[in-house]
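For the sequence shown, position 236 matches number 217 in our numbering, and the numbering has no gaps at all.
For the record, the hints were derived by calculation from the structure and aren't laboratory data.
The model shown is predicted, which means the values in this text are computed figures rather than measured ones.
Please note: incorrect hints may appear among the correct ones.
Stated by the list, open to error - Think about it this way: if two alpha-carbon atoms lie no more than 20 Å apart in a straight line, the pair counts; the simulated SDA-like pairs of lysine to any residue are:
1) Lys150 to Lys164
2) Lys164 to Arg94
3) Lys164 to Glu146
4) Lys150 to Pro107
5) Lys170 to His91
6) Lys282 to Pro298
7) Lys150 to Val168
8) Lys76 to Gln(-3)
9) Lys247 to Arg203
10) Lys173 to Phe226
To be verified - Okay, the calculated beta carbon distance ranges per label pair:
11) Gln206 to Ile66: 32 to 40 Å
12) Glu163 to Leu297: 47 to 55 Å
13) Ser142 to Pro244: 44 to 52 Å
14) Ser24 to Pro51: 18 to 26 Å
15) Glu25 to Glu49: 16 to 24 Å
16) His220 to Asp3: 15 to 23 Å
17) Ser24 to Glu124: 29 to 37 Å
18) His220 to Asn28: 39 to 47 Å
19) Pro56 to Arg283: 36 to 44 Å
Just so it is clear, CB atoms sit at the ideal spot from N, CA and C, and this is done for glycine as well.
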Amino acid sequence: MQKEEALLFYNHQGYQSMLKEDHITFGLTVPMDNYDQSPPSMSEQVNRSILAEELGFHCLWLQDVLLEDPTFEDPATGQIYDSLIYLTYLASHTKSINLGTAALVMPLRHPLRTAKEVASIENLFPERLMFGISSGDRRKDFEGLNIPIMERSEWFREAYSTFNEAIYKEFPNLKSRFGTLEKSNIVPKPAKRIPTFMTGYCQQTLDWVAEHGDGWMFYPQRPEQQKRTIQEYRTKVKHYHGDVFRPFIMPLPLQLEENSDAPVEKIPAGYKVGRNGLLQLIEQYRSIGVNHLMFGLSKNKRPVAEVMQELGEEILPHFRNP
-18 MQKEEALLFY
-8 NHQGYQSMLK
2 EDHITFGLTV
12 PMDNYDQSPP
22 SMSEQVNRSI
32 LAEELGFHCL
42 WLQDVLLEDP
52 TFEDPATGQI
62 YDSLIYLTYL
72 ASHTKSINLG
82 TAALVMPLRH
92 PLRTAKEVAS
102 IENLFPERLM
112 FGISSGDRRK
122 DFEGLNIPIM
132 ERSEWFREAY
142 STFNEAIYKE
152 FPNLKSRFGT
162 LEKSNIVPKP
172 AKRIPTFMTG
182 YCQQTLDWVA
192 EHGDGWMFYP
202 QRPEQQKRTI
212 QEYRTKVKHY
222 HGDVFRPFIM
232 PLPLQLEENS
242 DAPVEKIPAG
252 YKVGRNGLLQ
262 LIEQYRSIGV
272 NHLMFGLSKN
282 KRPVAEVMQE
292 LGEEILPHFR
302 NP
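Work out the full structure: start from the sequences and follow the hints.
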C-alpha cells in the first residue's frame, strides 16, 4: 500500500465517524447478552443493536466461527449465526452504526466468495463495514474444512492477495491455489476501499501487518504493556508509509459494577470496575494510542441492556470526538 492511499478514508463516513488520531471510540461485541457457560438466546440482538446506535456506540463486532467446539469454552460459538449473514441482518435493522468482523478467517473462506459477499454488503450498506481479518486459531474449523492449520500463514497471504485483486481490479488475471480468473470479473465493485484491519499477527510479522493493514486489532493488555506494543506498531507504520495514521483497535471484556466507585479488578483479558474507575482506565488507553475499544459484556451479572445504558449515558459522552 502506498502512502497516498491513506487519503482514501478522508471521505469515508464510517471510518471518519469512528477512527481519529488521539481519540477513542467504542463498540460492542455480539452477542450483547448475559451468558457464561450456556449459549445465548440471541433473541434481543436486534433491539440491542438499535439501542447501541441510539446510545452512540460506533460499531458492532462479529466473530467468524464455523463449528461448536466444547474444548474452546465459547458457548456463543462466535455469535452462533454466520458472521457475514448476521452482520447483513443487523445492518438492515439499523441506520448508521458501523458493523465489523472481528475477525473474518481468511484461510477458511474462498477469497472470491469473500470478495463477492463483502462487496455486496458494501454496496447495500455503504461505508458501514469495518473489515477485520485473521488467520484463525480454531483447530476444529480447520479440520472440518480439511485445511492444514499449520499452513495457515501461507493460506492467509494468498487469500488476502487474491481477495484484493478480485474486489478492487477489473478483470484481473489471477492464478492461485484457490483457482483461476481469466477474462472474468467479480461484481459488484465497492465504490471506495473498505477499511481492512489485521487481527493479531495473522501468522505474519509485525512488518507485514504494518505494511498491508489499514489498522491493527490486537489483544487486550494492561496499559503499560499495550503502550509498548502500539509504539512498536506505529514505528513500523512510519517506516512503510511515512507520517500517516493507522488506528489501533482493542477488545476489552468488561464487568461494569453497579457501585460507581468500585475499584479496578483484573478479570481474564479485561476488568471489573465501577464507572468512575472505568473513565480513568479508558483515558489511560486513549493516552497510549488506543483508538477504539470493543466492549464484551457477556460476563456481567447485571442485565446487559442496563450496562449498555450506563455506558452510553455516563461513559461515552466524556470521549466524544470534536
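We went through each hint and held it up to the structure:
1. Lys150 to Lys164: holds, 12 Å
2. Lys164 to Arg94: holds, 17 Å
3. Lys164 to Glu146: holds, 14 Å
4. Lys150 to Pro107: Measuring from Cα to Cα gives roughly 19 Å; hence the hint holds.
5. Lys170 to His91: It holds: about 17 Å lies between the C-alpha atoms, which stays within 20 Å.
6. Lys282 to Pro298: violated, 24 Å
7. Lys150 to Val168: Measuring from Cα to Cα gives roughly 10 Å; hence the hint holds.
8. Lys76 to Gln(-3): Satisfied, since the Cα-Cα distance of roughly 16 Å is no more than 20 Å.
9. Lys247 to Arg203: Holds - the C-alpha atoms of Arg203 and Lys247 are around 9 Å apart, at most 20 Å.
10. Lys173 to Phe226: holds, 18 Å
11. Gln206 to Ile66: 32 to 40 Å: holds, 36 Å
12. Glu163 to Leu297: 47 to 55 Å: With Cβ atoms ~50 Å apart, the hint holds.
13. Ser142 to Pro244: 44 to 52 Å: holds, 48 Å
14. Ser24 to Pro51: 18 to 26 Å: holds, 23 Å
15. Glu25 to Glu49: 16 to 24 Å: holds, 21 Å
16. His220 to Asp3: 15 to 23 Å: holds, 21 Å
17. Ser24 to Glu124: 29 to 37 Å: holds, 31 Å
18. His220 to Asn28: 39 to 47 Å: Between His220 and Asn28, where Cβ atoms are some 46 Å apart, the hint holds.
19. Pro56 to Arg283: 36 to 44 Å: violated, 19 Å
When the structure is compared with the earlier hints, violations turn up for hints 6, 19 and for no others.
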